[in-house]
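Student: Chain A is fixed; fit chain B onto it per the hints.
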Amino acid sequence: MGVNRNISETESRLTAYIGQLSEKDAFDKKLESAKIIYQIAQVNVDRAFQEVSSKISGKTNIYKLFTAITRVAAMLSIPLLTFTLWTLFCPKNQAENIEIAEAQITWQEISSPVGMRSHIVLPDGTNLWLNAGSNLRYSIPFVRGTREVQLSGEAYLDVTKNEKSPFIVKTENSEVEVLGTKFNINAYPENAIIQMALKEGKIKFRFKDVSGSRKFIDLSPNDVMNYDKSNNKIYLIKATNIENYIAWHQNILILDDTPMTELAKVLRQWYGVDVTIANEDIKRYKFTTTFNNEPLHRILELLEMSSPGISFRYIPGKPTEGGKNCSPSVVIITKNRRV
Amino acid sequence: MGVKYVILCRTHVKYFINLPFIMASIFRIKEEILIQRLINDDQTAFELLFRYYYPGLVVYASRIIGDKDEAEEIVQDFFVRLWRGRKEIRKANTLKNFFFTSVKNRSLNYLKKEKINEKILQKLQNLVEKERLYQPDLFVESEIQARVKQAFKKLQPRTNQIFKLSRYEGLTNDQIAESLNISKRTVETQISNALKILRGELKDYQFFMLLI
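Protein chains in written order, with our numbering: chain A, 1 to 339; chain B, 340 to 551.
Treat the hints as calculated values from the structure; they're not laboratory data. Glycine included, every Cβ here is placed at the ideal spot set by N, Cα and C. Misleading hints may appear alongside valid ones.
[Claimed, not checked] If you anchor each label on the Cβ, the simulated ranges turn out as follows: (1) S481/B <-> R144/A: 39 to 47 Å; (2) F437/B <-> R144/A: 32 to 40 Å; (3) E482/B <-> I18/A: 25 to 33 Å; (4) E409/B <-> H119/A: 28 to 36 Å; (5) E482/B <-> I140/A: 30 to 38 Å; (6) E427/B <-> H119/A: 49 to 57 Å; (7) P189/A <-> L534/B: 58 to 66 Å; (8) S230/A <-> T433/B: 53 to 61 Å; (9) K454/B <-> N127/A: 43 to 51 Å; (10) K204/A <-> A485/B: 44 to 52 Å.
Just chain A, with the same shape it has in the complex (with noise of 0.2 Å):
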């Protein structure tokens, strides 16, 4: 009986629905498109992306215990055979069970192109922004006896706590592990060194040492540490300024002393343009300064207005033939000629 009134519940609030929406006029249907979109930001997507990817993974898993259970009862439906069956073939069985295993871990891959940075929230919570020309793989399912991410470039994080699943960032050279924290990790393979900023919370980074064997370096907040992968060598100092690495997740540009070769090469690889220093000795030169969000051109103009005698000239790039990529734009700081 429940059911029926519910049929027949639905079917008056159907038919109240389709009236209504007859005897609406023009404006009110505008309203009502007005209220569609409202209902759609309200819709919940990380959640819903999270249940399709598990449903997804855990009818896979559910089928492949099934050919799992077939293939133990077939082998049991042989007695006579089955001692000689199970010596022979369980080695075999076995590296089966470890290629299912591995075959259910795919891989995500991140990547923020030069001139751009990329916000990401990993299936744990783990908040990571991931600056520009960086890499970023993970597996899924993600949380597993360790939560691993490898990273190739720069990343500031904040991890979700965990103490089941210790979270572990792997480099090039070396990893570090985690509870919950936050921290700034500037790995970029073309750098020689490795630089840990912690703001808050404990890290564990693990490498060789000198003589090659493994060693591990504990960090507590405010400190930063260079590692030198040439030859192994760990720097640790405590920072008064903490927010200077970390700042670039919050598009905020610090120049701290910085020198013209160095702003060169933020200016990269912040807005993917080309820089050129014209003049020699116009390369020493320092700055010291903070944009927040500032578009490029803002910023050379600011620093164009705060150093006379020098200008910033910026060649938007061209079309490439074909049309569809462009040569990459051009900033030329030269050395203004005296009058």
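Tutor: Just chain B now, with coordinates in the frame of chain A:
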């Protein structure tokens, strides 16, 4: 409108960008390319499509069957099947129509299974097919959405909030007055204000013009 683009602004990968001229070329991926990537087992392509279309499809389905939880089920099920059957995807020229038609059929089938009266079902189906409030463009980022959002930008934030509480969250004027700690009179004036402004802003907005 020669080429269809999926604009990837609703993904969880939020790109911070300062340069509009880079943006134009990188943030738009052709839909055909996404389909091709999906067919080639690319999970990222699947996720991008999911995040772009899911919210709109859920609201669309729940406006047919009148139940949001069921709607989420229907759309999720659709995406699970989409992933499993990705090898069989024909090169659909627009995913939008394919997605919305599939979800519409699934929703109507759901009602059929619930043993809803044939006549009512027929009426509903006609409505969904003809009524402009069910055109897919309204449910994805489109010019039509942009127009409506633009109109709402003309409201003061306070007015906007009160209007949304009243019309979308279904609160009574008394409840709104209480929760915002203002008089019921103020609530009433704010709502009629909002209506007046929206009426003016949406005057030239036509559902038709973007139908094709």
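Student: What are the numbers of the hints that this structure violates, sorted from low to high?
Tutor: The structure breaks only hint 6.
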